[in-house]
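J.: Take a look at the letters that make up each chain.
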Amino acid sequence: MNGPIIPLHLLVMLPVLTGAAAYFLPRRAYQAVMFAGTLAVSVFALQLFISVRWGREVTQFVAGWPEIIAIQLVADTYSAPLVLLTALFFTGTYLFSTLAGYMDKTFMFLFLMLESALITIFLSGDLFNIYVVMELAMITIAILIMYKQEKQAVYDAMLYIMMNFIAMAFFMMGIAYVYRLTGVLDLRVISSRLAELQDPRAALVPYAMIMTAIAVKSALLPLFSWLPRAHGAPSAPGIISAVLSGVQVKAGVYLLIRLNQVFAPVVDTRLFFLVIGFLTAVAGFLLAIAQKDIKLILAYHTISQVGLIVMGLNLGSDEAFWGGMYHIINHALFKGLLFLSAGVIIEEYGTRSYAEIRGVLRRMPVIGIATLAGVLGITGAPFFNGSISKYFIQIGAQGSLGEFGLYLVNFGTILSFVKYFTILFGTPEIEPKPSRDPFIAVISLIFGAAILAGGIFGSQAVALVFGPSYSAAGALSVEKTGIFLATLALGIAVYRYGIQRIGNALSAVRTFKFSFNQITVLISLFFILLLGFSYTVT
Amino acid sequence: MAFIGEFFQGLTIADLAVGLFFIGLYGAMTQRNIIKTIMSIGIMDAAAIVFFVMINYETGQRSPVTGPSAEQMADPVPQALMITAIVIGVSVVAMCLAMYMRVVYRYKTADWKTLIRRLGDQ
Numbered sequence: 001m002n003g004p005i006i007p008l009h010l011l012v013m014l015p016v017l018t019g020a021a022a023y024f025l026p027r028r029a030y031q032a033v034m035f036a037g038t039l040a041v042s043v044f045a046l047q048l049f050i051s052v053r054w055g056r057e058v059t060q061f062v063a064g065w066p067e068i069i070a071i072q073l074v075a076d077t078y079s080a081p082l083v084l085l086t087a088l089f090f091t092g093t094y095l096f097s098t099l100a101g102y103m104d105k106t107f108m109f110l111f112l113m114l115e116s117a118l119i120t121i122f123l124s125g126d127l128f129n130i131y132v133v134m135e136l137a138m139i140t141i142a143i144l145i146m147y148k149q150e151k152q153a154v155y156d157a158m159l160y161i162m163m164n165f166i167a168m169a170f171f172m173m174g175i176a177y178v179y180r181l182t183g184v185l186d187l188r189v190i191s192s193r194l195a196e197l198q199d200p201r202a203a204l205v206p207y208a209m210i211m212t213a214i215a216v217k218s219a220l221l222p223l224f225s226w227l228p229r230a231h232g233a234p235s236a237p238g239i240i241s242a243v244l245s246g247v248q249v250k251a252g253v254y255l256l257i258r259l260n261q262v263f264a265p266v267v268d269t270r271l272f273f274l275v276i277g278f279l280t281a282v283a284g285f286l287l288a289i290a291q292k293d294i295k296l297i298l299a300y301h302t303i304s305q306v307g308l309i310v311m312g313l314n315l316g317s318d319e320a321f322w323g324g325m326y327h328i329i330n331h332a333l334f335k336g337l338l339f340l341s342a343g344v345i346i347e348e349y350g351t352r353s354y355a356e357i358r359g360v361l362r363r364m365p366v367i368g369i370a371t372l373a374g375v376l377g378i379t380g381a382p383f384f385n386g387s388i389s390k391y392f393i394q395i396g397a398q399g400s401l402g403e404f405g406l407y408l409v410n411f412g413t414i415l416s417f418v419k420y421f422t423i424l425f426g427t428p429e430i431e432p433k434p435s436r437d438p439f440i441a442v443i444s445l446i447f448g449a450a451i452l453a454g455g456i457f458g459s460q461a462v463a464l465v466f467g468p469s470y471s472a473a474g475a476l477s478v479e480k481t482g483i484f485l486a487t488l489a490l491g492i493a494v495y496r497y498g499i500q501r502i503g504n505a506l507s508a509v510r511t512f513k514f515s516f517n518q519i520t521v522l523i524s525l526f527f528i529l530l531l532g533f534s535y536t537v538t
Numbered sequence: 539m540a541f542i543g544e545f546f547q548g549l550t551i552a553d554l555a556v557g558l559f560f561i562g563l564y565g566a567m568t569q570r571n572i573i574k575t576i577m578s579i580g581i582m583d584a585a586a587i588v589f590f591v592m593i594n595y596e597t598g599q600r601s602p603v604t605g606p607s608a609e610q611m612a613d614p615v616p617q618a619l620m621i622t623a624i625v626i627g628v629s630v631v632a633m634c635l636a637m638y639m640r641v642v643y644r645y646k647t648a649d650w651k652t653l654i655r656r657l658g659d660q
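In order, the protein sequence lines correspond to chains A and B. Per the numbering used here, the very first residue in the first sequence carries number 1; after that it's consecutive. Per the numbering used here, the very first residue in the second sequence carries number 539; after that it's consecutive.
Calculated directly from the structure, the hints in this document are not laboratory data. Take the hints with a grain of salt, since some may be wrong.
Straight line, CA to CA, 27 Å or less: simulated BS3-like cross-link-like pairs of lysine-lysine [claimed, not checked]: (1) A:513 / B:574; (2) B:651 / A:292; (3) B:651 / B:574; (4) B:574 / B:646; (5) A:513 / B:646; (6) A:513 / B:651.
Pulled from the structure, derived: some chain B residues nowhere near chain A, Cβ distances all over 10 Å [claimed, not checked]: (7) 542; (8) 543; (9) 553; (10) 561; (11) 603; (12) 610; (13) 611; (14) 617.
In this text, all values refer to a predicted model and were calculated from it rather than measured experimentally. Ideal Cβ positions, reconstructed from N, Cα and C, are used throughout, including at glycine.
Can you make the complete structure from the sequences, with help from the hints?
T.: Right, dumping it as structure tokens:
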């Protein structure tokens, strides 16, 4: 198997370069050029993935410097599938909103810049490079979420950028400490030099600093307050919410995996992240239940699913780890689809409150079916992709306290989606009118089909994308289906007789906001907690 | 009292930068004025940059531009990296200030707590 057709740095630069070139063209032309650009990135990413998956991993030293000094780009079994996911996801969402009114030049340019930044995060093998692209992604996202400047968008974006900037200051302090300890910034060399340290405890302060920053990026328990603001921001178009929830949060989770591997010779904090992941998952669905805004329900739900992914990755068994990795892809598919369709629904109905939206299935059949597929996927219904990854994670937790936790998280997911489900049914107030946008229909059906295919060919999909092959036959067993149906019935019952009667408590949860000062205190607390934990285990 | 003097003499610029970092963090935790919190995070960023630049410095080293021998030069890598970090820091702080202006024009307040209350009223 040959290497990739184009060098990695060109793959990284391609979206930005197309965006910049297309900026000077008239409207029709620039849309075509930008689409061609994203499509080309997808093709190259696919080829890169194939050559990594069935060949060997690709390492590139930028500008021809020798190893250790050079900035390194690495495509391996973890990063290549995620690069492919990012490229395909951006192409899909781009097509989905081709005809939307907000797709002007500046917006598209920033959108492609975000694509470049995310691909670079996945491919970077160098700490400082990761820092730079994370800052780039942060600035781009801040502009994108306040692009329409409606309502409190500027406040949301300001809180987002300031909170993340503090995180990045922690990150840079961490990098500096690592550089003092090891004298390099290259992730692999850092790892091998950390193993030779005289006093492994010296690496704990930089570890805690870097991980605090990553925890902010991946929205773990006390540090997720930026996520619903950014992802569910009233002014952010559906396409931005989809990209942020589908891919950008995963960049944080990916760095969590990567950097934990780098620091593996020094410290093992899997227990800490397992507990934090569980708490994140629980807090996410509790807050999702309290929301009324359909985009906010989805945004809080992303937090819950990230918690589930982090649990899977840190359970310690191979099945659960790859289940977590597979759930990253699955979550991108169904949450992307749900956010995209939520954007269309909001535009069509002119409201964001779940109580006022009724009869989506009748008024917009295609969007309704897409939403249905997304909901079935996310709740882990049999035959849909969520069931496979959740099943793998569950295998890893078998017989431990974690298994009970997983049932709880799954119950919460179903409970919060019973609420979301209600928008599909009922009679719409206005007669349905035919949709004029063919792209929306085609793309949502492709996403929906991918969700279904990812479920039916679950174990083959894991083997195809990541390599290890596990049987997913158990995910379709009578027992699992029974558990799903029982949980579903319990969820509906609890929703009807429990949740709907405690409206006052819910509205208190809904309107509660952390101020910026409290968020900073939480960041510091997380840092101290993680540092304390790593000192006790080392 | 001699040990206090020794303590202060033993401090390096990198140590002071760590102190500055936590002063900035304290500011971000306690100040309710938005401008002051933006200044605080600017201080944190600047402290991290100073820390990075001074991290491998030893007394007597020269700048890595000219010099008789390589041993006398300071480590050039942090300096090259921190130029990037300074540019990023400046642009992020500038963006925060621009957003702050928007928020002030719209909500007529520079206080985080009041701001949250006024957001809820809308």
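J.: Please go over all the hints and tell whether each is borne out by the structure.
T.: Comparing the hints with the structure gives:
no.	hint	verdict
1	A:513 / B:574	holds, 21 Å
2	B:651 / A:292	holds, 24 Å
3	B:651 / B:574	holds, 14 Å
4	B:574 / B:646	holds, 16 Å
5	A:513 / B:646	holds, 20 Å
6	A:513 / B:651	holds, 10 Å
7	542	holds, 25 Å
8	543	holds, 26 Å
9	553	holds, 12 Å
10	561	holds, 12 Å
11	603	holds, 18 Å
12	610	holds, 18 Å
13	611	holds, 15 Å
14	617	holds, 12 Å
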